[in-house]
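Novice: Sequence:
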Amino acid sequence: YVAVANASGFDGVYTYFGHSAIIGADGRTLGECGTEDNGIQYAQLSISGIRDARANDQSQNQLFKLTHRGYTGVYANGDGEKGIAE
2 YVAVANASGF DGVYTYFGHS AIIGADGRTL GECGTEDNGI QYAQLSISGI
52 RDARANDQSQ NQLFKLTHRG YTGVYANGDG EKGIAE
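Our numbering puts the first residue of the sequence shown at 2, with every later residue one more than the last.
FYI, nobody ran anything at the bench for these hints, they're computed from the structure.
Hints may contain errors.
Estimated spans, in silico, between C-beta atoms of each pair [stated by the list, open to error]: (1) Tyr15 <-> Asn57: 38 to 48 Å; (2) Asp53 <-> Gly10: 37 to 47 Å; (3) Ser47 <-> Thr16: 33 to 43 Å; (4) Gly10 <-> Asp58: 33 to 43 Å; (5) Gly28 <-> Arg52: 10 to 20 Å; (6) Tyr2 <-> Asn39: 14 to 24 Å; (7) Glu37 <-> Val3: 18 to 28 Å; (8) His20 <-> Asp58: 25 to 35 Å; (9) Phe11 <-> Ala56: 37 to 47 Å.
Built from N, CA and C at the ideal position, the CB exists for glycine as well.
Kindly generate the complete structure, drawing on both the sequences and the hints.
Specialist: As structure tokens, then:
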């Protein structure tokens, strides 16, 4: 999950567009505020969904995989030893 926070309104110098949001592990928007001041948004998070994503999902950050070869870069994704698809 990702919580994206952004101010809304005008502070005398800058104008902020709001639209703070809560994003799920699959990329869906679970909740989003509008441009109102002091907006509050709630979303139901799934503990079993978090555990499943941690166990089964893989990083799609190809640049990281090619340069750093972190632990997320090899597991069952079809990449060879050098980070290039076989």
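Novice: How does the Cβ-Cβ distance of Asp53 and Gly10 compare with 37 to 47 Å: does it lie in that range?
Specialist: holds (39 Å)
Novice: Between Glu37 and Val3, does the beta-carbon spacing fit 18 to 28 Å?
Specialist: For Glu37 and Val3 the Cβ distance comes to about 21 Å; the hint holds.
Novice: Starting from the range 37 to 47 Å, see whether the pair Phe11 and Ala56 falls in it by beta-carbon distance.
Specialist: Between Phe11 and Ala56, where Cβ atoms are some 45 Å apart, the hint holds.
Novice: Please test the hint of 33 to 43 Å on the beta carbon pair from Gly10 and Asp58.
Specialist: The hinted range 33 to 43 Å holds for Gly10 and Asp58, with Cβ atoms some 37 Å apart.
Novice: Go ahead and decide if the range 25 to 35 Å is satisfied by the Cβ distance of His20 to Asp58.
Specialist: Once the Cβ atoms are compared, 26 Å apart, the range 25 to 35 Å for Asp58 and His20 holds.
Novice: When you take the CB atoms of Tyr15 and Asn57, is the distance between them in 38 to 48 Å?
Specialist: With Cβ atoms ~42 Å apart, the hint holds.
Novice: Does the hinted range 14 to 24 Å hold for Tyr2 and Asn39 at CB?
Specialist: holds (22 Å)
Novice: Does 33 to 43 Å hold as the CB distance between Ser47 and Thr16, or does it fail?
Specialist: Check passed, 36 Å falls within 33 to 43 Å.
Novice: Lying within 10 to 20 Å: is that true of the beta-carbon distance Gly28 to Arg52?
Specialist: holds (18 Å)
Of the numbered hints stated above, none is contradicted by the structure.
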